[in-house]
Each structure stands twice: as structure tokens, then as C-alpha cells.
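Chains as they are written, first to last, in my numbering: chain A, 1 to 81; chain B, 1 to 546.
Simulated from the structure, these hints should not be mistaken for lab results. Accuracy of the hints is not assured; some may be wrong.
Derived EDC-like pairs (lysine to aspartate or glutamate); straight-line CA-CA distance at most 16 Å [as the list claims (entries may be wrong)]: (1) B:Lys501 to A:Asp19; (2) B:Lys444 to B:Asp477; (3) B:Lys501 to A:Glu13; (4) B:Lys444 to B:Glu454; (5) B:Lys501 to B:Glu515; (6) B:Lys529 to B:Asp477.
Some chain B residues well away from chain A (every beta-carbon gap over 12 Å; in silico) [as the list claims (entries may be wrong)]: (7) Leu48; (8) Pro143; (9) Ala144; (10) Ala181; (11) Arg206; (12) Asp344; (13) Arg347; (14) Gly358; (15) His365; (16) Glu378; (17) Val409; (18) Thr436; (19) Gly437; (20) Lys444; (21) Gly492; (22) Ala540.
A virtual CB, placed ideally from N, CA and C, is assigned to each residue, including glycine.
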Amino acid sequence: MTLDTHALMQFLENNLGVDTTAIDRDTPLFSAGIIDSAGMVDLIVFVESTAGVTFTPDDITLDNLDSLGRILDFVAAQHPG
Amino acid sequence: MMDLCELAGGPTPHPQSRIALSRRQPGAPFVETTYGDLWQRAQRVANLLGSPAETPAFLPILAGKSADSIACLLAAMATGRTFCVLNPKYRAPQIAAVLEATHAPLCAVDGTGLLALRGALRDHPRMARTRWLLLDAGCLARPAAETAAELRTVAPVLDLDSAPSTTDVTRAGRRDVDPQAAAACLFTSGSTGQPKGVLISAADLRQRTAAEIDWFGLSHRDVLLSILPLSFDVGLNQLLTALTVGAELVLLDSWLPVDILAAAEQRHVTGISAVPAIWQDMMQSGARFDRRDRHTALRYVTISGGSLSRAQLERLPEVVDGADIFKTYGQTEAFRSTSLRPADFVRKRDSVGTPFPGVHVYVVHDDATRCAPGEAGEVVHTGLGTMLGYLGAGGQPDPNDKVRPNPFVGPDDPSPLAVFTGDTGHLDADGYLHLTGRRDSMLKILGNRVYPQEVTAQVLSLPGIRDAVVVGVPRPDGQTALVAFLVPAAPGEPTAGTVRKLLNARLPAYMVPREFVFVDRIPRTATGKADPHTLVATYAAGAVHP
Numbered sequence: 001m002t003l004d005t006h007a008l009m010q011f012l013e014n015n016l017g018v019d020t021t022a023i024d025r026d027t028p029l030f031s032a033g034i035i036d037s038a039g040m041v042d043l044i045v046f047v048e049s050t051a052g053v054t055f056t057p058d059d060i061t062l063d064n065l066d067s068l069g070r071i072l073d074f075v076a077a078q079h080p081g
Numbered sequence: 001m002m003d004l005c006e007l008a009g010g011p012t013p014h015p016q017s018r019i020a021l022s023r024r025q026p027g028a029p030f031v032e033t034t035y036g037d038l039w040q041r042a043q044r045v046a047n048l049l050g051s052p053a054e055t056p057a058f059l060p061i062l063a064g065k066s067a068d069s070i071a072c073l074l075a076a077m078a079t080g081r082t083f084c085v086l087n088p089k090y091r092a093p094q095i096a097a098v099l100e101a102t103h104a105p106l107c108a109v110d111g112t113g114l115l116a117l118r119g120a121l122r123d124h125p126r127m128a129r130t131r132w133l134l135l136d137a138g139c140l141a142r143p144a145a146e147t148a149a150e151l152r153t154v155a156p157v158l159d160l161d162s163a164p165s166t167t168d169v170t171r172a173g174r175r176d177v178d179p180q181a182a183a184a185c186l187f188t189s190g191s192t193g194q195p196k197g198v199l200i201s202a203a204d205l206r207q208r209t210a211a212e213i214d215w216f217g218l219s220h221r222d223v224l225l226s227i228l229p230l231s232f233d234v235g236l237n238q239l240l241t242a243l244t245v246g247a248e249l250v251l252l253d254s255w256l257p258v259d260i261l262a263a264a265e266q267r268h269v270t271g272i273s274a275v276p277a278i279w280q281d282m283m284q285s286g287a288r289f290d291r292r293d294r295h296t297a298l299r300y301v302t303i304s305g306g307s308l309s310r311a312q313l314e315r316l317p318e319v320v321d322g323a324d325i326f327k328t329y330g331q332t333e334a335f336r337s338t339s340l341r342p343a344d345f346v347r348k349r350d351s352v353g354t355p356f357p358g359v360h361v362y363v364v365h366d367d368a369t370r371c372a373p374g375e376a377g378e379v380v381h382t383g384l385g386t387m388l389g390y391l392g393a394g395g396q397p398d399p400n401d402k403v404r405p406n407p408f409v410g411p412d413d414p415s416p417l418a419v420f421t422g423d424t425g426h427l428d429a430d431g432y433l434h435l436t437g438r439r440d441s442m443l444k445i446l447g448n449r450v451y452p453q454e455v456t457a458q459v460l461s462l463p464g465i466r467d468a469v470v471v472g473v474p475r476p477d478g479q480t481a482l483v484a485f486l487v488p489a490a491p492g493e494p495t496a497g498t499v500r501k502l503l504n505a506r507l508p509a510y511m512v513p514r515e516f517v518f519v520d521r522i523p524r525t526a527t528g529k530a531d532p533h534t535l536v537a538t539y540a541a542g543a544v545h546p
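Same shape as in the complex, but just chain B (with noise of 0.2 Å):
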């Protein structure tokens, strides 16, 4: 039998009272879920899933944020399963290439899930191949309702709500789990069009998730809001910490800047991490926290996964209410590069700060020598944190990819991988990392890694399409805004409303350009890529209207 107690990271089982997750439906009151419920749905959940036929098993949940899609994380954990929980941005065709990628036999999903896949079952015929585990069934709204019922005529599905429930939580005989075996695949975007999968080790899963229970000072006492999703790595290890200490998660669905604060409020949540997007959201609406009547217990929040500019770095002190402040930089394939600490927010402004403990961050020239202090290369991260590589990849590290061998192996730094992360920027004379930008033309879209590029190929399949760009522009608010430019081929259709309806159906909504401008033809250099810089300084003067 499984043994989920001993997931919790600890030799003591926490309090079954105590709350583990709290989460509220709009309009409802917050509903909350105990350690001991939580460990009994996982219980379900292991006992429905039993053990593998074969490994590596890959466990896909395509859910929103809950008490049981959670629990089928964790039962995933405890039956030597990879969890892959899906973006709940993610359409049919990025479902269906996450199934074909894991050839896993069974997907968990909601009604939220179930919206995705409305209307495209039978364009995927892996979707009939898989088995699905429906955690909802019982309060699907009518859309999701009548796509569960066409999903049960095009492939076996498991109701966990039928499945018989437990008591038992066993502390008996740990199931013994390769600690350098898969436990979790993150998709993330390539620059191929496909997701990619990002393998990550028990082992470091467990040693990122210590980590981050220190560099935070994280304890039962502490109430974390999680507002990023579990498919990201920042959202996901919110959830393995919190879990871990013992402390309340806060599942939150809105990145309202007045329903953040009413749920730090109602729940006296201590620690908020976020991207740049829900801080420039903020600052737009005037929102802020208050720490002397409202949000006593708010101790830190951070800035994740991109940054702030400097007027803005500068307005977010305010803005929490004088909480501590982290910095973090990473990537999926490097979960945590460096973290900047509250003491040095004012004084190393522009720094994301020093390598996080664990890691090696180096900052090397194309031919992977290192740069001096002050001298601008590429980061690679070494260390805690370090994917053990892409799935599908057959375990070898690629020498034009992202994961190589790394060239700094040694009594300092034995680890055999290291991550070239894309990004370029140096280290000051006091070892704080400075970044400047992409050696690619990668761009962050609420927090998400959009390729341009991608986005631009979607556009020229379309029908009726001449020729096309997307670029990325950036907004006053500092966020990034993908804009089309398009060629049609007949004048006046199509129409911008019925690309975006087309996109939408086969693209997650960050990679939906926000606008479309029609134009007679795309600049293109002598060897026909694309040169949209002109298009875009007309743009951006106001002089072409979409």
C-alpha cells in the first residue's frame, strides 16, 4: 500500500486538522480542505490508479487548481508515477501532443479540462486511445456536461466520484521511489511549435522544494497564496513547500488586483509569489496592501519569472506595504538561477541577485569561456534546480540545446549537466547577476515563454492568409502585447475577428495576438525573413489602425 504521509517530507505526519488548502468558487464562501482529507483523496486516487504496468507512467491533469486535482498529484507521487500538470491555457492540440509525447493511459480531468476539449475529440485520435479520470462529474456546468458525455462515447472513463472512498492511510511499507526517476514533467514552449517536456528528478524536486522552505523562513505558521498555476515550476513548488512545512495553500483562480487582496485578507495569508503581469495589474488599478489593518500578516512577496522596470521596482515597495521583497530568475529547465533578498532590493536594483543556494551561475562568452565581471554573456546555471533533461530526448544532452555537459565540472561544481539558458547578461564585481535580454527572440506574455515565431506560423496556415508577422510590442505598463500583421488575400476577409476565432481554437489565449493590423505587404530582407520594423514604428506612432 502507499504511503502519502511519507510524501509530506517528514517523519511526522501532520496535524489531520490542520488546513491544507483553502479555495473559494465566486459567490461562495472560502471552502477549506484538511491534511487528513487531503491525504485520504490521494488514498483514492493511489488505490484507483494502482501500480503502473511499465515505467516511466506519465499522469497528465488537465484540472484547475483543487483539492483533487492535487490529490492526483500526489497519488501520482506515491505510485512512482511523472505528474504533468497541464496549463489550463493549453487548447486541444497542445493536449493532444502532451498525450502523444507521454503515451500516458490515463489523463485526469475537470469540467475546466473538459472545456478544452469541447468540439475536438474526434480531430485527435489519441484522445480515444487514452483513458480519462473525471474529477467533477457530478457539478460539471452544462458545456462541460455535454462534453464529458460525448467524451464517454469516444473513450473509457473512470467517475472519481464512484470510486470507493478510504480511511485507511497507511503508514505501512514506503513504496520505494527512484530518486533520480522522473516525478514531475513540465511543458514549457520550445521554439518548434510543439511543447516540450521538462523532466525533473524526485531528488531535486524534494532538495528545490528544502530550499525554498529556507530561503523563505517557511513554516506550519505561514498561509501561502498561490495564484500562478501548478504548471509552472514557481506555482508548482508553492504547493511541495507548503505541503512539506504544513502550512495552508490558498488556491486562487482570479489575477483580480482586488479579489488578491480580499483573499490575503480573508485567509491572513503571509506569502504571495507572483509575475511581473499581476504587479503591473496592480499598480494599474491603484490597489495595494495594507500591513497595519487588512493584511497584518503578509510577511513577503515575490517579483518571479521576468521583471519590473525601474519605475515600477521603485512603486512596489508602496504598493506591499513595506513586505520584504524577493527577486527570483529561472526557467522551467533551471528552476532557480538566483534570488535577490529583500536586504538588497533598493541597492542592487537592477540585479536579480545571487546564485540561489545550491546552484553555480556562470556567465560565458559563444565559445563557453567564461566573461570577466561586467562583461556580457550568456547565464549557465549548474546545480540544484537542473532538468535531467527534455522528454523524448533519450536521456542525451544535445551540444546545440539547452541542457549540455557542463564545461565547469569539476571539485567546485560535480554536476554533470548544465543549463545555457538563452539569456545574456553579467556579473557585477559583487557577483550579482544583471540580465539584458534574449539571444532569441523568445518574449514572456503573462508570465507564459511565447516564440514569436510560433505564433506567426499559426497565422500563415490559416486560410486566406498572404503573408504575415507577429512581433511582440511592448505596452506602456510594461507588459508585452503579441501584435499580427497580416496580408490577406482578397481585400477585407478575412476579417480580424475571424482569425482571433480561429486561433483561439488551436493556440493557449497568451499566444492570441491582442491586435491585428491589415497591411499591404510584410518588408522582408534579402533572404526573405521578415523585417518588421517599420511596420512596427507605424504602429507604435498610432498611425495604422487595426
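Bound conformation, chain A alone (with noise of 0.2 Å):
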């Protein structure tokens, strides 16, 4: 499956409860506390085997997580060309 904006949408939806009316591409997630630790480790899981990506502990950042926008920034910087 390719990971895009409506993919990580339906994933909040479906399996966090998030309202995914209230956010866009760069609505901020965890700082505007949208989604929690808890959640942010469900969210990495579902990125990870969805784009066959891995995060280090290093890549485990508001940088590269806090927006729908930033998660599928970083997942386009695993995969160059």
C-alpha cells in the first residue's frame, strides 16, 4: 500500500479516534495534542509497515512527525530516486 495523506487520514480516523476534519497536511499532532505518546507509537507501527520504512531512534522527532505533511516528508527522504 502507498503511504499518502488519505492512508495516514484513514488511519487516525479508524484506528486513533481522531476527528480528521479538525487537521490538514501540517495541522501540528502531538504539540497541539491531537494524538499522544501512545498514539504516536501506533502511528510509527502503521508508517513503518505501510511504507516498508524504518524509523531509527534517532528519526523519532517532532521534525519528522508532528504533521501528515512531515511523516510523508521524511518517508519521500527514505526513498530517493
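Dock chain to chain to rebuild the complex, using the hints, since each chain is given by itself in its own frame.
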């Protein structure tokens, strides 16, 4: 499965119970309290298995995770070219 | 005019160019706010607020940690208002309850706060009867901007950006603020389902600030890392101590270990206050500080608002690479009852320390007589850090409540009020306090107080649920997770996803159960009380699949 905004929104809606009408590509997720650390773990596992990427411990930062756009940019950077 | 410089607690204002706050947005470098800039922002808000029409006057602040939200807090103090920084995880029902309880004519809000109001503005009439001060109208993300637009159709909204800026930070004529008036109101969980406001006097805020500056040896050379929310008394006190000594406060929104290490490195952080969940996450990730290289400035850390397991306490010194570790113990109603000094960390590992300066701690039987050393009882706190009372209690102590007349009042302990904490423990022969548990069912989830029966009541109110009970279950990393056992009215509906979504709209995230387990029945005792023990045992054994 490709990981895109839609897939992420579906995951947030169905698995984390997030009201996705309240977020867009750039909405801060963690810093706005939309998801907490437990949700963050589930989100990382979903991204890794769906997009076939791996987060090293150093990758787990708000820079890489705090919005759908940041997550997708991180994934894109793992698959150069 | 208002003299904000006096709020610094000293006769000499801090150099205008010294850094007061630093903060970074994801993907961007740190932005610094100087003391001069912060004071100007606060003056601007104070000019906008003016003197309150009547007192007490509350200013709820529904916003993330920022120069502007802190400016609102300072402006409230300068204009004789009681500030209430709201828990950033609050949802619309809790926010409406706060507005109702405080009768606040104005509420400060930013983009983060707007997200909590989204979709709920018309559900809570109080929101239309409040004026709103919007802190960041110019840089709202789309969903927040949509909510702001809707808010403008429902209630008067002032934009801070449009308020006249000022370079006039006056030093003339300090406003007389009654030291016994409430300077702050921090909301916390009671067992009744509504947030309870804990009123704290201006005098006590000053005293607890001075005591903490002394305890941690703080000076303008310190750089404190603010991970905890300002709605939490430990987080609030970090802010007040930093502002009083002229230190830098680094505002961090992330609890991620890598972000904490990076901020500590980039800003040369000297002190970090944290709750057990933060340390547990850090240990889980394998991250650690390095005081020989990246974190040479780090002096001390705290474990506040709960405790770690023995194994975790043995690991922590290595995680913080030998920095001093302080434990602190207290609650919103009684800021800090005890603290354990670094020198005692190993020797008194199971203890939360000795009474904090200005505090008396007693351990009592049910009849309020004192226990002997080693004897278990309820922990009672008097002195510094004691609240004025709960909002709405009319100033009268309730003998059945947490705050009561001090049974030990006398020449050694003149405090009129005592806080019966609900914690159980004992004092050892050396006068160190050891905690053993709670008299009630209260849990700590990610540092927040949670009464599981409140969550149960919310679940029971949802459509399609015949019966339910919510319990706290310990996780391998030492944190407590909420697990809900549900009996649906009809098989297969509602789904766990539906229940989670409904609860997310009503409750702060830390009160939404981590897991939902559907069962055929909830065992109950002869008196009808839920008896979840077998359910939990089966769940823990992995035999039940959510």
C-alpha cells in the first residue's frame, strides 16, 4: 500500500479516533495534543509497515512526525529517486 | 499604569536583552524572546485588559506555551486577575465547565486552543457569552482558522495582533495586589467528573517560587527546560522561578526523548523537571544524556508527580549521566510536601524525602491522630504550598474534603488549613516519607490525575453500551493504562473505533482508554459494585483479545 495523506487520515480516524475534519496536512499533531505518546507509537508502527521504512531512534522527533506532511516528507526521504 | 517589572520579584528589573524564553517549531530554529520583549508583550495585553470591572476576575488561558500565552499570564498578575492556564488536553466540555465556574468575561485562545473548540461552539452556550482574545490570528493553520471564523460569528473576538503595541514598560505606581487574593487557579480532576479549580494566593506563589529557587540553587545563569504544561503546578513554578531569577526557560512541546536531548544540547539546559512517564519513555528508547560532550551544562533533573519502579530508579542515574536527581512529591492542593535531595537518592531510594522548607508533613490515622514512625496512615500537609480552597467552595473548609482546619495548629505549625492528601504512607525513623498508595481509586496517567469511575460514567453514557467498567492496568514499562471492559447492547456494535472517537470528543486524551475489551458481562458484587478483578486477570493473561 502506498502511504499518502488519505491513508494516514484513515488510520488516524479509524485506529486513533481522531476527528480528521479538524486536521490537514500541516496541522501539528503531537504538539497540539491531537495524539499522545501512545498514539505516536501506533502511528510509527503503521507508517513503517505501510511504507516499508524504518524509524531509527534518532528519527523519532517532532520534525519528522508532527504533521502528516512531515511524515510523508520523511518517508519520501527514505526512498531517494 | 501597571508595573510588570515588579512581578520579577526583585527591585532590579532584568536586563532587557537577556533571553527569557526560547521555543522552536518543528523544522525551524529556536526563536528567542528577551525579557524586554516579554515585558512589552505583557504590557500590551495588560493595556488591553485594563482593570477588572469586578473582582475576583479570572483570565482562562486556552493556549500552548508561547511568549504570548505567558504574556497573558503576566498581564493577569499585573492587573489583579486570577489566571487559569488550562490543560492543553482539555476538550470542549471541560473548557465550558471552566468558563462556567469562573464566570470569566474574557478567555485567551490560540490556534491550539481553537482545535479543542472546533465543532463544539454551539453545544456550549457559555462560549457565546465569553469574549475571546485570539493570540495568533495571523498564523493559524486551516482547521484552526475555520474555527476562528466560526467563533467570530458566535462571540466577540479581539485579535492581540491588532492591539496597539507599546514600548512603555512603566515603573511607576505598582498596583497593590492583595497577597491573599487568588493569583492562580489550576484545574485538576476531582472524582465528580467536573474539573475542580484550586485557588492559589499571590503570597503563596511568591513563597513557593522563592523556596524552589533556594532548593535548586537557581540563578540567572540557569536554563530550565519546560516540558511540562503550565497548567501543572510543577510546570508553572518552573516558569515563575525562571522569570524571578532572570533565567532562560526553553519551551518544549515534545515529550519525545530525542527532542528533549536535542533541546537540552542546543540551549545548554541546566535543569529539567519531569514526570515519571517522561523518564520511562526515555528508558524505553535507550536514549541518555551525555554530560561530557553534548550536555555539559546539565546540573539537575527531577522526578515529580509520581514515582518510578525500583529498577527504573537504579537505571536513572546512568540515563542522566550523573546529573543530580531530585524527587519531589506534592499535589495541586499542596504544591510540594516533600523532596528528596540528590545526596539521599541512593540511601533513601524508596522515599520521597523530607518535608519541603515551609511545610509540615504528618501521617495520621482515620481519626486524624498521628501515626508512630513506621505506621501507615494518610499523609497530611500544612504550610507553604497549601491552596486557598477550591473555586466555588465559598472559602469554607469541608470536613469531608481534602482541605480541613489544621488539627495540629499551634506555635510550631500556625497554618490554619491542612490538606488531607488521600495518599497513604509512613514516616521512617529518620523522618523520611515513604508512600504506599491511595485511599481512593485515583490513578496517574502520563502525569495527569484520573479517576477511572469518571471514565466509566462517560462510557456508560454512550449509546449502545449496556454495561462497562474502566480500570487502570499496569504496563511493563511501569506506566498505567486505562482499559475499558464493555458489554454492548447488541453484538458487534458499537465498535471500539466508534467508542474511542466519541470519547475523544468529550475527554482529554489521557482519560480515553488505551484498549477496549468487549465482554459478555461485568461481574458485580452483592451491592452492585463492579468487580473487575477476574476481567483484569484474564486480560493480563492475554486470554481476551480486544
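Verification of the supplied hints:
no.: 1; hint: B:Lys501 to A:Asp19; result: holds (7 Å)
no.: 2; hint: B:Lys444 to B:Asp477; result: holds (14 Å)
no.: 3; hint: B:Lys501 to A:Glu13; result: holds (8 Å)
no.: 4; hint: B:Lys444 to B:Glu454; result: holds (14 Å)
no.: 5; hint: B:Lys501 to B:Glu515; result: holds (13 Å)
no.: 6; hint: B:Lys529 to B:Asp477; result: violated (30 Å)
no.: 7; hint: Leu48; result: holds (25 Å)
no.: 8; hint: Pro143; result: violated (5 Å)
no.: 9; hint: Ala144; result: violated (8 Å)
no.: 10; hint: Ala181; result: holds (31 Å)
no.: 11; hint: Arg206; result: holds (31 Å)
no.: 12; hint: Asp344; result: holds (30 Å)
no.: 13; hint: Arg347; result: holds (32 Å)
no.: 14; hint: Gly358; result: holds (34 Å)
no.: 15; hint: His365; result: holds (39 Å)
no.: 16; hint: Glu378; result: holds (32 Å)
no.: 17; hint: Val409; result: holds (42 Å)
no.: 18; hint: Thr436; result: holds (27 Å)
no.: 19; hint: Gly437; result: holds (24 Å)
no.: 20; hint: Lys444; result: holds (14 Å)
no.: 21; hint: Gly492; result: holds (16 Å)
no.: 22; hint: Ala540; result: holds (18 Å)
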